[in-house]
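Number of protein chains: 2
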Amino acid sequence: MTTDYASYLEAHRAEHLEQLKALLRYPSISTDPAHRTDVLQCAEFLAAHLREIGLEHVELLPTGGHPVVYADWLHAAGAPTVIVYGHYDVQPVDPLHFWTTPPFEPDIRDGRLYARGASDDKGPTFMHLKAFEALLQTEGALPVNVKLCIEGEEEIGSAHLPAFLERNQDRFRGDLLVISDTTMYGPGQPSVCYGLRGLAALQVDLRTVNRDLHSGIYGGAAPNAIHALTELLASMHDKAGRVLVEGFYDDVQPLTDEERRAYQQLDLKETDYAKALGLNGADDLVGEPEFSVLERVWARPTLEINGIYGGFEGEGTKTVIPAEAHAKITCRLVPNQDPQKILDLLEKHIAAHTPTGAHVTVQRMDTGNPYVTAFDHPAIQLAAEAYTHAYGVRAVFTRMGGSIPIVETFDRLLGLPAVLIGFGLDTENFHAPNEHFHLDNFDKGLRTLCYYWKALPKAMEAS
Amino acid sequence: MTTDYASYLEAHRAEHLEQLKALLRYPSISTDPAHRTDVLQCAEFLAAHLREIGLEHVELLPTGGHPVVYADWLHAAGAPTVIVYGHYDVQPVDPLHFWTTPPFEPDIRDGRLYARGASDDKGPTFMHLKAFEALLQTEGALPVNVKLCIEGEEEIGSAHLPAFLERNQDRFRGDLLVISDTTMYGPGQPSVCYGLRGLAALQVDLRTVNRDLHSGIYGGAAPNAIHALTELLASMHDKAGRVLVEGFYDDVQPLTDEERRAYQQLDLKETDYAKALGLNGADDLVGEPEFSVLERVWARPTLEINGIYGGFEGEGTKTVIPAEAHAKITCRLVPNQDPQKILDLLEKHIAAHTPTGAHVTVQRMDTGNPYVTAFDHPAIQLAAEAYTHAYGVRAVFTRMGGSIPIVETFDRLLGLPAVLIGFGLDTENFHAPNEHFHLDNFDKGLRTLCYYWKALPKAMEAS
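For the protein sequence lines, the chains are R and Z, in the order given.
With the first letter of the first sequence counted as 1, position 76 gets the number 1476 in my numbering; the numbers rise by one all the way through.
With the first letter of the second sequence counted as 1, position 212 gets the number 1612 in my numbering; the numbers rise by one all the way through.
Read the hints as simulated data drawn from the structure, not as lab findings.
Heads up, some of the hints might be wrong.
Pairs involving identical chains hold if they fit within one copy or between any two copies, as the list cannot separate such chains.
[What the hints assert, rightly or not] List of simulated lysine-lysine pairs, DSSO-like, C-alpha gap at most 30 Å:
no., residue 1, residue 2
1, Lys1639, Lys1748
2, Lys1669, Lys1741
3, Lys1858, Lys1669
4, Lys1718, Lys1748
5, Lys1844, Lys1639
6, Lys1421, Lys1854
7, Lys1718, Lys1741
8, Lys1741, Lys1854
9, Lys1854, Lys1669
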């Protein structure tokens, strides 16, 4: 106990990165049954490491799917209890040929650590372990009580986690939920995320005639499933990009004036944003013109067609009138919207706009509730302060356009406010080839976390 | 020479069907390089059989692709010379598991011969051989001069045939082209086809952003390629099914009053037609409401989307904003429409209707000119008489919605009127599993052909 956490982290940096590389070598792809053993071995590696750094009651808890890695440290009498959530499973890696170095052979280049899971979410999850280790090694104790919930199914929709949490409510009681699985506003610009969009998904299966037909014989009279589907789908947006499903925006909780002002101050350059996407300029962006780009992606609901298929996809031509065609749709939802109600509205729209000769079947799929927390909560304000301490710039408050359904589940079941204190960047190719993590954020992020834990008891007292 | 052709055909029926089965056993799939030898062996089988029945100058003529089987018989001094066209190549057979008996193991059930190519076009082509054989065996000579052109690339668009015919114009001079590769109006209802639609095909490749995007991060602002494509495609038809491409119908040669009356007399039951396609009734059919169903499929141009694909097609959901999406389009054209001009109009429409943020590349693909011949030509009127003789019912005159581009090529290069005297039925699953041919039409068709050849010299004299 002769040094402070910052010196400790600096002194052990190389060793910590080797440990992270070891974690990244497990191909813990949760969606693929062929990797079941890899996922389990990855969980066991994490458990062993948690024991090594001094956490207690370490165990793999069964969920019905891949296990949750649990650990705790509960000796901070009188201090708050914090649940730290993360995940050790990763996305699939195809197309493999786009990777410069193999996804499960971690490689450091240009200050970035390349590997599947480096950014999402093994890197940030591992940082929590190293922050606890640094505090235990330098101060002999943690300033707060912690309970870790590191799951293995985040990339497959956390299918078993809600039921698992319901069964384990007592185990996970606490005062606060902390997650590092969001991204920062930009390089060098830390941000506290206080809102997430929800999700409502469905598949549209459209059929017209009873078999694929020869366009020479029947063309001109028989209803073509692709014509019907494109007409139906085109009815869902106006030319600007507004969703035309009746009632779609009815329940949206409007942004406060304070939020709109805060987003304006972020001063997003829409032209640069468009150009980074390969577009000619801001005029090529779509969406509700009465909202700024940040408002659209963080605080407005969307309806996206994620996939479409029907008829002939091969080389050349085939003069077929396809009998069926399909589309996959997901909506991103914002606070106060109910996924089931949105799916009801979509089904109603589809029924009302199905063209002549067509019959549509709708399959309802994943849903997740939107989430927003008051950003004046002291634990959230403290996150901004911790970032500012480590990064030397003022942290901003953002929402995120994506969904982490489990945040809403924790809130609903356990009443925990969530602090989303992320260290990744949107450009780090999570879910794509060449995923990587900036080591600059590994270093600054560790100092952010240590600062945060040390200051949390006092901040929570004030609440 | 003790009998007439009808008795000869009856006496040799079993033997003829065994020969046809032998022809059908060759898997002469022209599109598949793995079957190149099978295609060649099929051509050699045909050539050997042509020699056996007494035709002359039999040879395989090189085309640059699969060979043309040539044969002639030119001893009918003073009589017309007829080019008989057919094809010995067949469509692929997948999906194989839908076949009740294997596609290249011919099987007779319920008066139908099941095999790939039985209806399209080995069966009808083989009938010409047997008609010539019957006449040679019973009368010692043919009443007309004949030249056979049996190609091996019809199912891949007759790619090499136009250049082959240009090089071989002298060889194929004659007075008339006869083809049995069309279908009859219905079971027991023979029909002479006097018009074919043409074809113009293109592929649309649409791109918005420079990579697939995460719908959580960019959803609401980034242009989605599927949204853009569905909007673009939906602009091509009105709700009734009329094509909205400007100028699309401008050059269409209207039906004559006589043709409209003739189609009305065919008295198509639109409700039955719709029900046979699995629809609830005639209201579920689409197309230009001011034309009858037969007019739409025979004499009006169409624009069909034959395939569409983009984004995620797997199980479940993927919250992606796709960067690209694709569609395949073919137009069926009618007399006086020019395929290249139609493709120009389509490109212009696409350029004018490409949504914000999207960029479209158009690939022009196959084209074929429409064809129509005066149905008062004596050789065509005689075809109706021959049918009526063999079937005992009055033949009708129809157009066909499909395309046989080579008919137009023969007409343009060699100035030959074409007689399309078919024996297949639309229900015989050509291009699909369980292709078959009704043996009733094999028998009556052979008598139709023999009658036709015998009567042709006198009919042509009258012209």
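Here is what the structure says about each hint:
In the homo-oligomer, the alpha carbons of Lys1639 and Lys1748 lie at most 30 Å apart both inside one protomer (21 Å) and across protomers (20 Å), since each shortest distance falls under that limit. Taking identical chains as interchangeable, the C-alpha atoms of Lys1669 and Lys1741 are never at most 30 Å apart, the minima being 35 Å within one chain and 44 Å between chains. Proximity of Lys1858 to Lys1669 under the C-alpha cut-off of 30 Å is found in neither arrangement, the shortest distances being 38 Å within a copy and 84 Å between copies. When the C-alpha separation of Lys1718 and Lys1748 is checked against a cutoff of 30 Å, the pair qualifies only between copies, where the shortest distance is 23 Å, while the shortest distance within a copy is 34 Å.
For the identical chains of this complex, Lys1844 and Lys1639 are neighbours neither inside a copy (44 Å) nor across copies (59 Å), given an alpha-carbon limit of 30 Å. In this assembly of identical chains, Lys1421 and Lys1854 lie within 30 Å of each other by CA distance solely inside one copy; the values are 28 Å within and 88 Å between copies. Proximity of Lys1718 and Lys1741 under a CA criterion of 30 Å is satisfied inter-copy only: 21 Å between copies versus 41 Å inside one chain copy. With identical chains, the CA atoms of Lys1741 and Lys1854 are never at most 30 Å apart, being 43 Å at best within one copy and 75 Å at best between copies.
In this assembly of identical chains, the alpha carbons of Lys1854 and Lys1669 never lie at most 30 Å apart, being 37 Å within a copy and 84 Å across copies at closest.
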